[in-house]
Amino acid sequence: MVNHFNEAVQHFLAGRIWHREHIPFLTDLIDEQIKARFINVIQGVTTTKNFLNQSIYKCNRCENHAQFKFTTFHCAKCEGPCAYCRQCLKMGRVSSCTELLIWKGPPISFHKQHENHWQGKLTSLQKKASIELMESTNEKKSHLIYAVCGAGKTEILFDPIYELLQEGKRICVAAPRVDVILELEPRFKAAFPRTPIAALYGGATPKEEPAQLVLATTHQLYRFEGAFDAIFVDEADAFPYTADETLQQAVQKAAKPDAPIHFVTATPTGALIDRATRDQAISTIPRRFHGHPLPLPQYESLWRYIEQIHKGNLPRKLTEWIQKCIENKQPFLVFFHQIELMEKALPLIQQFEPRIEAVHAAHENRKEYVQALRNGEFKGLLTTTILERGITISNVQVAVVGAEQSIFTKSALIQIGGRVGRAKETPGGDFILFHHGITYAMDEAKREINQLNQTGGNL
Amino acid sequence: MKACLLCEAILPALPTWQALIGIDEQKIICESCSKSFERADSIDKTTDLSSVTSLYAYNEAMQSYLHQFKFLQDIALAAVFKKELQTILKHQKNIVPIPVHPEKRMTRTFGQVEALLDYAKIPYLNLLEKLDQTAMGEKTRQERLRTKPLFQLKPNIQIKHETYTLIDDIYTTGTTLNHAAKVLRKAGAKHVEAVTLIRA
Ligand SMILES: [Zn+2]
Ligand SMILES: [Zn+2]
Ligand SMILES: [Zn+2]
Numbered sequence: 001m002v003n004h005f006n007e008a009v010q011h012f013l014a015g016r017i018w019h020r021e022h023i024p025f026l027t028d029l030i031d032e033q034i035k036a037r038f039i040n041v042i043q044g045v046t047t048t049k050n051f052l053n054q055s056i057y058k059c060n061r062c063e064n065h066a067q068f069k070f071t072t073f074h075c076a077k078c079e080g081p082c083a084y085c086r087q088c089l090k091m092g093r094v095s096s097c098t099e100l101l102i103w104k105g106p107p108i109s110f111h112k113q114h115e116n117h118w119q120g121k122l123t124s125l126q127k128k129a130s131i132e133l134m135e136s137t138n139e140k141k142s143h144l145i146y147a148v149c150g151a152g153k154t155e156i157l158f159d160p161i162y163e164l165l166q167e168g169k170r171i172c173v174a175a176p177r178v179d180v181i182l183e184l185e186p187r188f189k190a191a192f193p194r195t196p197i198a199a200l201y202g203g204a205t206p207k208e209e210p211a212q213l214v215l216a217t218t219h220q221l222y223r224f225e226g227a228f229d230a231i232f233v234d235e236a237d238a239f240p241y242t243a244d245e246t247l248q249q250a251v252q253k254a255a256k257p258d259a260p261i262h263f264v265t266a267t268p269t270g271a272l273i274d275r276a277t278r279d280q281a282i283s284t285i286p287r288r289f290h291g292h293p294l295p296l297p298q299y300e301s302l303w304r305y306i307e308q309i310h311k312g313n314l315p316r317k318l319t320e321w322i323q324k325c326i327e328n329k330q331p332f333l334v335f336f337h338q339i340e341l342m343e344k345a346l347p348l349i350q351q352f353e354p355r356i357e358a359v360h361a362a363h364e365n366r367k368e369y370v371q372a373l374r375n376g377e378f379k380g381l382l383t384t385t386i387l388e389r390g391i392t393i394s395n396v397q398v399a400v401v402g403a404e405q406s407i408f409t410k411s412a413l414i415q416i417g418g419r420v421g422r423a424k425e426t427p428g429g430d431f432i433l434f435h436h437g438i439t440y441a442m443d444e445a446k447r448e449i450n451q452l453n454q455t456g457g458n459l
Numbered sequence: 460m461k462a463c464l465l466c467e468a469i470l471p472a473l474p475t476w477q478a479l480i481g482i483d484e485q486k487i488i489c490e491s492c493s494k495s496f497e498r499a500d501s502i503d504k505t506t507d508l509s510s511v512t513s514l515y516a517y518n519e520a521m522q523s524y525l526h527q528f529k530f531l532q533d534i535a536l537a538a539v540f541k542k543e544l545q546t547i548l549k550h551q552k553n554i555v556p557i558p559v560h561p562e563k564r565m566t567r568t569f570g571q572v573e574a575l576l577d578y579a580k581i582p583y584l585n586l587l588e589k590l591d592q593t594a595m596g597e598k599t600r601q602e603r604l605r606t607k608p609l610f611q612l613k614p615n616i617q618i619k620h621e622t623y624t625l626i627d628d629i630y631t632t633g634t635t636l637n638h639a640a641k642v643l644r645k646a647g648a649k650h651v652e653a654v655t656l657i658r659a
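So the sequence lines, in the order shown, correspond to chains Z and V. Take the first sequence: its letter number 423 is residue 423 in this note's numbering, and every next letter is one higher. Take the second sequence: its letter number 55 is residue 514 in this note's numbering, and every next letter is one higher.
Rather than coming from a laboratory, the hints here were simulated on the basis of the structure. Being a predicted model, the structure only gives us computed values, none of them experimental. Do not rely on the hints blindly, as some may be mistaken.
[Stated by the list, open to error] So the derived label-pair ranges between C-beta atoms look like this:
1. V:Glu467 x Z:Arg355: 32 to 38 angstroms
2. V:Leu531 x Z:Glu368: 38 to 44 angstroms
3. Z:Glu167 x V:Leu531: 36 to 42 angstroms
4. V:Ser510 x Z:Glu307: 44 to 50 angstroms
5. V:Glu467 x Z:Glu368: 21 to 27 angstroms
Beta carbons: idealized from backbone N, C-alpha and C, even for Gly.
Kindly generate the complete structure, drawing on both the sequences and the hints.
If you want it as structure tokens, here you go:
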């Protein structure tokens, strides 16, 4: 009987909840560690009966219990009826006969020697928020950083994270969208060169080395349990986090029982603001790091644009605006509410300028196209709301076609406007809302930006 | 609430009267995912098969379908092409799925061709057995495929002098189907034809 734990297994498994078939160790070693009770084995999907004697399933990895997300079938492996979870399917299927492994041996002791190489200087507002965030962390209180687009919110996290790292704490920065994680990874790696950092998202290969600082899409947190001493959720209001309750549970589950879960966003929901205000755990930054105001939306009517584009006519005002951007050598983004309409408009625009492309969520070259816009290879991009946040393109001009469409909520419009004027050298720019009627959301967005500018200007 | 099995978009609920009198079944994939599959309806002929009919082209949508179905083991996807399979196999009677190796079947937890037929409620005959493909010295994989049989008849099976229809998920080089057809023809089948979901 073995009674010492294997360090490599501990490093891989601690804090995780892992599919047995996906574990990168030999079966004998895992068996031995299970026998010595360093690893707990649980069933992937458990079945209970309700009062009508119907089977009720629960996934023990993602905690999904919505019954329509389970499929039952006759399984050739366990030779009987077997149920699997479709909620977390893409991370490797978990079914009734799947074994999940949980580390029960001693926790990893992370080292306390770290270095903070970030050279920049915080504005006084950033500094204040950073200190308040640290205070809440010490009190194990969840904190909200409510900072306008372009306020420099990532830098606010550096000091509190550095302090936690030096206490040997394990930390996670999570975001609903993979684009945000990809943007954060090089920045954190540059700031903390001595810290083991892992970026986890769909398609990334897990490393065996235990990361003390984990950057992950919220989906990846399905695979963690009681792992982190603090979690920072960036862009917490983004889809699918707000729409998907199981993702919120996943974040809870990944944190240690009393660990604080912080939120960082430019467009918090009312409920989040109310809770943070009540707990006195909110820092507001109504001003961009360069001190210039946020660009206000400008309304332009574009009557019957859908019919016009479908008939093969690009509305005149839109044509003129795009031509103006091209003449002034300014990169531009045009947001559409629908892929179909965007793809109808694309060839019409390419007739006078071929160096324009369209991107959407399923688009594989999204990253390359954004890069091509940055370096001037492309003149402009047409996009769905997928590019509404996370990206920075210097001197970009922005227009929304069909700003009255319901997908353009107040938050979406504020985020879209937040792409404009982020650089110190070019703090202004166009933020045009082409519309077929003005909505409440448009007015609300305008009012909120105005209010933030006034607050920010009076500081 | 029902979501598209492929893209998770919420599916519109069917009006209850339609569901009640059964004119239309509740959809399992959304309109735009349905449209992303491309019909091939190709018919090939080989020395051992009087025809190979394939329903769909192997486009990007089909590749990701197959990945989710076989690699991610999402057996629920077996139902996606159920109507199309029912239509094409309406008049066939001796339907024989191409089997997977028992070990593969264990790790995947199901046989994909049988699953396609099961979900479409199409009766079939399990007549064939996949043989082990043990390494044979310097011979290349290609040579081995040409010489060594891939399938054998299950014990105590009687083949009638009738037409048999082999079913496979994907038709690529035809090696698999030809091997299976040979076995059935040698045992006395009059004709052997094949239907596959995909033409690669
Ligand atoms: Zn699950
Ligand atoms: Zn099973
Ligand atoms: Zn779909």
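How the hints compare with the structure:
Checked against the hint of 32 to 38 angstroms, the pair Glu467 (chain V) and Arg355 (chain Z) passes, with Cβ atoms roughly 34 angstroms apart. Hint check: Leu531 (chain V) to Glu368 (chain Z), Cβ distance near 27 angstroms, so the stated range 38 to 44 angstroms is violated. Distance hint check: the CB atoms of Glu167 (chain Z) and Leu531 (chain V) are about 40 angstroms apart, consistent with the given range 36 to 42 angstroms. Distance hint check for Ser510 (chain V) and Glu307 (chain Z): the Cβ-Cβ separation is about 48 angstroms, which falls inside the suggested range of 44 to 50 angstroms.
Evaluation of the 21 to 27 angstroms hint for Glu467 (chain V) and Glu368 (chain Z) yields a pass: the beta carbon distance comes to about 26 angstroms.
Hint check: a violation occurs at hint 2 only; the rest are consistent with the structure.
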